[in-house]
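Trainee: Model the placement of chains B, C and D on the given structure of chain A, informed by the hints.
Residue numbers (the working numbering), protein chains in the order written: chain A, 1 to 311; chain B, 1 to 311; chain C, 1 to 311; chain D, 1 to 311.
The hints are simulated quantities; they were obtained by calculation from the structure and are not laboratory data. Treat the hints with care, since some could be wrong.
[As the list claims (entries may be wrong)] To give a feel for the contact side, a few chain D residues facing chain C, derived at Cβ under 10 angstroms:
no.: 1; residue: Val144
no.: 2; residue: Phe199
no.: 3; residue: Thr295
[What the hints assert, rightly or not] Partial selection, computed: residues in chain D whose CB lies under 7 angstroms from chain C:
no.: 4; residue: Tyr34
no.: 5; residue: Asp37
no.: 6; residue: Met69
no.: 7; residue: Arg109
no.: 8; residue: Val207
no.: 9; residue: Leu245
no.: 10; residue: Thr247
no.: 11; residue: Gly265
no.: 12; residue: Glu273
[Stated by the list, open to error] Keeping only pairs whose Cα atoms sit at most 30 angstroms apart, straight-line, the calculated BS3-like set for lysine-lysine is:
no.: 13; chain 1: D; residue 1: Lys206; chain 2: D; residue 2: Lys131
no.: 14; chain 1: D; residue 1: Lys225; chain 2: C; residue 2: Lys111
no.: 15; chain 1: C; residue 1: Lys206; chain 2: D; residue 2: Lys222
no.: 16; chain 1: D; residue 1: Lys164; chain 2: D; residue 2: Lys206
no.: 17; chain 1: C; residue 1: Lys164; chain 2: B; residue 2: Lys3
These figures come from a predicted structure and were not determined experimentally. Even glycine gets a Cβ: it sits at the ideal position worked out from N, Cα and C.
There are 4 protein chains.
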Amino acid sequence: MRKIEHINVEADIQIDELLKKGEGCAFGLGRLSYAADVLYEMVNEATVFMGLAGAMVPAGMRKIIVELMRKRCIDVFVTTGANLVHDLIEALGHHHIKGIYTESDVELRTKGISRIYDVYVQDEAFESLEKWLLMRYAEIVEEVIGSASPTLSISELLSYLGSKINDRNSILRTAYDLEIPVFCPAIQDSILGLHAWLFNQTKNLKVDVFSDMDSIIEIAYKSEKNGAFVIGGGVPKNFILQTMLVTPNGFDYVIQLTMDRPETGGLSGATLEEAQSWGKVSEDAKTVTVYSDATITLPILVASLFTRLKR
Amino acid sequence: MRKIEHINVEADIQIDELLKKGEGCAFGLGRLSYAADVLYEMVNEATVFMGLAGAMVPAGMRKIIVELMRKRCIDVFVTTGANLVHDLIEALGHHHIKGIYTESDVELRTKGISRIYDVYVQDEAFESLEKWLLMRYAEIVEEVIGSASPTLSISELLSYLGSKINDRNSILRTAYDLEIPVFCPAIQDSILGLHAWLFNQTKNLKVDVFSDMDSIIEIAYKSEKNGAFVIGGGVPKNFILQTMLVTPNGFDYVIQLTMDRPETGGLSGATLEEAQSWGKVSEDAKTVTVYSDATITLPILVASLFTRLKR
Amino acid sequence: MRKIEHINVEADIQIDELLKKGEGCAFGLGRLSYAADVLYEMVNEATVFMGLAGAMVPAGMRKIIVELMRKRCIDVFVTTGANLVHDLIEALGHHHIKGIYTESDVELRTKGISRIYDVYVQDEAFESLEKWLLMRYAEIVEEVIGSASPTLSISELLSYLGSKINDRNSILRTAYDLEIPVFCPAIQDSILGLHAWLFNQTKNLKVDVFSDMDSIIEIAYKSEKNGAFVIGGGVPKNFILQTMLVTPNGFDYVIQLTMDRPETGGLSGATLEEAQSWGKVSEDAKTVTVYSDATITLPILVASLFTRLKR
Amino acid sequence: MRKIEHINVEADIQIDELLKKGEGCAFGLGRLSYAADVLYEMVNEATVFMGLAGAMVPAGMRKIIVELMRKRCIDVFVTTGANLVHDLIEALGHHHIKGIYTESDVELRTKGISRIYDVYVQDEAFESLEKWLLMRYAEIVEEVIGSASPTLSISELLSYLGSKINDRNSILRTAYDLEIPVFCPAIQDSILGLHAWLFNQTKNLKVDVFSDMDSIIEIAYKSEKNGAFVIGGGVPKNFILQTMLVTPNGFDYVIQLTMDRPETGGLSGATLEEAQSWGKVSEDAKTVTVYSDATITLPILVASLFTRLKR
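Here chain A stands alone, though its shape is the one from the complex:
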């Protein structure tokens, strides 16, 4: 029985110090402190599968992901089409704009602005992306499809796109440079998919749904220890966790940053205990869910991780 240690904070306190002091606290801070421990151990001991859902790139989290890749803290990256679209928008020299969440959306449309809570994206950004993607898709059909294996997997398509990005601060480019596989199961559920449709009005870009299963399952299978660092729920969360349904073990470490709740039964809000009943998470795994806005908790955990790695 360990007592609650009341936290005190001082001027100039570092993030990692706060998390160390927070270990004696309860509720969210206690969980976040424990998550920092689990993350550090996960990065040192296990193959790390990162799942990134939610509009984390528009919110300003792009550099953090890239830096995690550069420091070799991510081995497998699973995300949504939207995060890749917004990474590409920045890679093409466009920006996201800090907007106002109470603005009239009908007026924003007349100004050619699309809103993501308090982030704006201008139509020009999407127009540049369209041009770029149509060129890339054409190149792919020419270069790749004409080859011996005429069907790509989604991760191969993304790797190809990554190779053509000039911006070295891009997530997709960094993943390509560092040979980190990028999975995006619902890629068609994004502007990447809409432009593939447009392209396919006249051409024929074929990408196979199931080919990636082999790669991700093999990585999980071959690793001695596996860890999942899951930001938000959605497809990335389950796509990572389900690999363990066909491998002998479960994840050894899982961190989940979410605002979703378990009581309505959806997988996004499901507890990590529930995942143990499926065998997705090991009986003796170190797991923790932090129920807070991930744009706050992700940078904090990463700051702590980088501090501990430096030592």
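Mentor: Quick look at chains B, C and D alone, frame taken from chain A:
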């Protein structure tokens, strides 16, 4: 300026009466009452795209979806792999079990039980499904892939599976019988995907990621009016709404039943106003979000719809 | 092990039928169905303490509370100052207005309108209430305070106010007529408190904080069985449950309708299991929490209760 | 139009640096960064009313509150009975225990443990508190009630209790030492109230409900600028904000740390925009709500504040 009319409820009150009385109320009940109006008008006036995320089939919502299809209230059905997996489990004669949400998950695993909040699924159910799917995948490769067009779309795969189901109360079979297209963009993020992987260890089932874009966009394009009835967020929500990014109009009717919140910026919790800034939803659309557990609000809305349709 | 029974809904279905069918379902609907059973048994077997937090009166729930009182389904009523203030506003002939939740609040102020999500209240309503309250407080000081016991309890003050209300559809008047005690521990946290302050600039209205403890604890102590029907969290929830910290037993029945969540540790979102560790709820109590908007779930439960009581 | 600046975090980064960098981000981090600016300005420019709801003391936030008081960052403190009870428990030498949120509550009861999410409190702590409080209440009746003004206000009662606490790290003692008024409108909704009831079985401790209104309103009235720093919702939030309904201005600064949501209409989750329609918050006030667990966001904001104050 319309005043709040305090609701009174009497013994034997019908659901549709409650919703009519609820129109004078505020907060959730006011929204739910308005949703009943929008749903009735949507079904009468528009092509209805239903999005179904969350574990709605395990929770007991299977017949409601089937009945909506039979009454021709759904024209396009977009869902998650999980809902289809659990539809198939029931179609194969297995059942979901009403469980206890506080049970030890480590113990459940030793008993061969997987938990979805307060629903249990036994390993036998998944084993039957595995056998059935591997046989179907083999048939498909033989019958379909050997044909002129050797690559299937996801909806073609699902249609094929639907055609082989004996249980006429199955969602997938009913959709097949009534020629309602079923889209499942992240199909590989489910047991359907895991078994495709298993199958592909020795065989070659190719399913194209982008082929379905054409079908869903064409339906939206050709309809005079379009409506979206979105249960939960996730991929189904965006996959439906994004069709309007490449068609001239936006959705004319949208109902969203969710517990997700807008403030963290994810698409699942995004308001329908925000969707107007993207042009996904028309400026003058009738839209409403009901923030409550969808296992409660969906049956209520459907009961009201069926009552109004009967008149 | 009981299997999930998929619900089907038909035209003209009654609410109580839906709840009966919903017993075979999971998540929110399964909980709501069970709550209907618990409520019916609670009303038949136990002394019922109702807790009402949240802006339920502005939302249109006033008649439901009154009807529950008239049908003798509430024995003790614990609420917030706000719900009483809005009951009085209606009792004085004013109305709540159905408004728009996205309206500019700065503009609303210039129009003399105060907003409660999608409900408006006009300044005139508060002005009438001020006049009425100042007269009542003056009468009380004259009639009551000059008596042998010059200090009132909060429930005595509320009972006095109830006796002076002409509107027989008022919650406070109905409680007075039917001798149902009304507790409002944080009465000063409302316009009732602000006008008491105004009044006390020149007069002297003294109301004792602790006097009501005796009454509510005595009721709980003397009842063979006790039930709590808690709408929202806040002070009413704890004020009801804490009575069991000084009586030998815990509550035998508890229903909680809320959107609050347990993970942040506040009492409003605390589970009813947690309340068992305190002894507030009996080990073998029948308890259920429904996580949905209470403006939806309260009318449904009450409709079911009235249907079952009629039989 | 300002662009989103992607945050990068480095080893050894200080909290205040993170918040400065976070200003270019959106969603929760953007809000938290802005909150740090508002807090610093509020502390420098305004009379600060702090509202503390939720089980923040059991969670380990006690020293932070005390330090804010010592650094003169809180001028008025409004809280719940529970937070004061748990402050007293620590002041009497007892501790809160870091527990497990999935433990069986029925078993915990048999061990004499009460649970607050993942915090345990042992029965001994409450027994010590009972003894201490009964002695204090007796002294008060003797010393104070026998005086010219025989009725106390709640804040006078709390100030008296504070004066008798030996532990200089107690919130209540620190507030007493520094003459910071402590308001607790629903004091009877806590163990402080239960023991007052016990005491009043034989004695007569009278505490007036409305007396404190004068003090808190006067402070708001006399200050040139007012700020509210609101942790959680509940009674403290409204009790602070409502003071502006009877003073000419509204709050000039408001920070709200909460997980509650606006859509269900309760005051706890109400937006600060809504408070402008009531005149509780000025038209041109600087306001921000951070939707995250307050045990995380409070220490972060305070660390930033102390860093900026030191400069």
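Trainee: Each hint should be assessed against the structure and marked as holding or not.
Mentor: Taking the hints in turn, this is what the structure says about them:
1. Hint status for Val144 of chain D: violated, given a least beta-carbon distance of 15 angstroms to chain C, over 10 angstroms.
2. For Phe199 of chain D, the interface hint holds, the least distance from its beta-carbon to any beta-carbon of chain C being 9 angstroms, beneath 10 angstroms.
3. Interface hint status for Thr295 of chain D: upheld, as the beta-carbon distance to the closest one in chain C is roughly 8 angstroms, under 10 angstroms.
4. Residue-level restraint check for Tyr34 of chain D is violated (minimum Cβ-Cβ distance to chain C is 19 angstroms; threshold 7 angstroms).
5. Given hint, Asp37 of chain D at the interface with chain C, is violated; its Cβ is 22 angstroms from that chain's nearest Cβ, farther than 7 angstroms.
6. The closest approach between the C-beta of Met69 of chain D and any C-beta of chain C is roughly 22 angstroms, which is over the 7 angstroms cut-off, so the hint fails.
7. Contact between Arg109 of chain D and chain C, as hinted, is supported at the beta carbon level, the nearest pair being about 5 angstroms apart and thus within 7 angstroms.
8. Checking Val207 of chain D against chain C by beta carbon gives a least distance of about 4 angstroms; that is within 7 angstroms, so the hint holds.
9. For Leu245 of chain D, the suggested interface contact is upheld, since its CB lies about 6 angstroms from the closest CB of chain C, less than 7 angstroms.
10. About 10 angstroms separates the beta-carbon of Thr247 of chain D from the nearest beta-carbon of chain C, more than 7 angstroms, and the hint is not met.
11. With its C-beta approaching chain C no nearer than about 4 angstroms, Gly265 of chain D sits inside the 7 angstroms limit, and its interface hint holds.
12. Because the smallest distance between the Cβ of Glu273 of chain D and any Cβ of chain C comes to about 5 angstroms, under 7 angstroms, the interface hint for this residue holds.
13. Between the alpha carbons of Lys206 of chain D and Lys131 of chain D the distance comes to roughly 19 angstroms, so the proposed pair stays at or under 30 angstroms and holds.
14. Pair hint Lys225 of chain D plus Lys111 of chain C holds up; C-alpha atoms about 25 angstroms apart against a cutoff of 30 angstroms.
15. Distance check on the hinted pair: Lys206 of chain C and Lys222 of chain D sit about 25 angstroms apart at the alpha-carbon level, within 30 angstroms; holds.
16. For the proposed pair Lys164 of chain D and Lys206 of chain D, the alpha carbon gap of about 19 angstroms is at most 30 angstroms, so the pair holds.
17. At roughly 25 angstroms between alpha-carbon atoms, Lys164 of chain C and Lys3 of chain B fall within 30 angstroms of each other, so this suggested pair holds.
The structure is inconsistent with the numbered hints 1, 4, 5, 6 and 10, although it conforms to all the rest.
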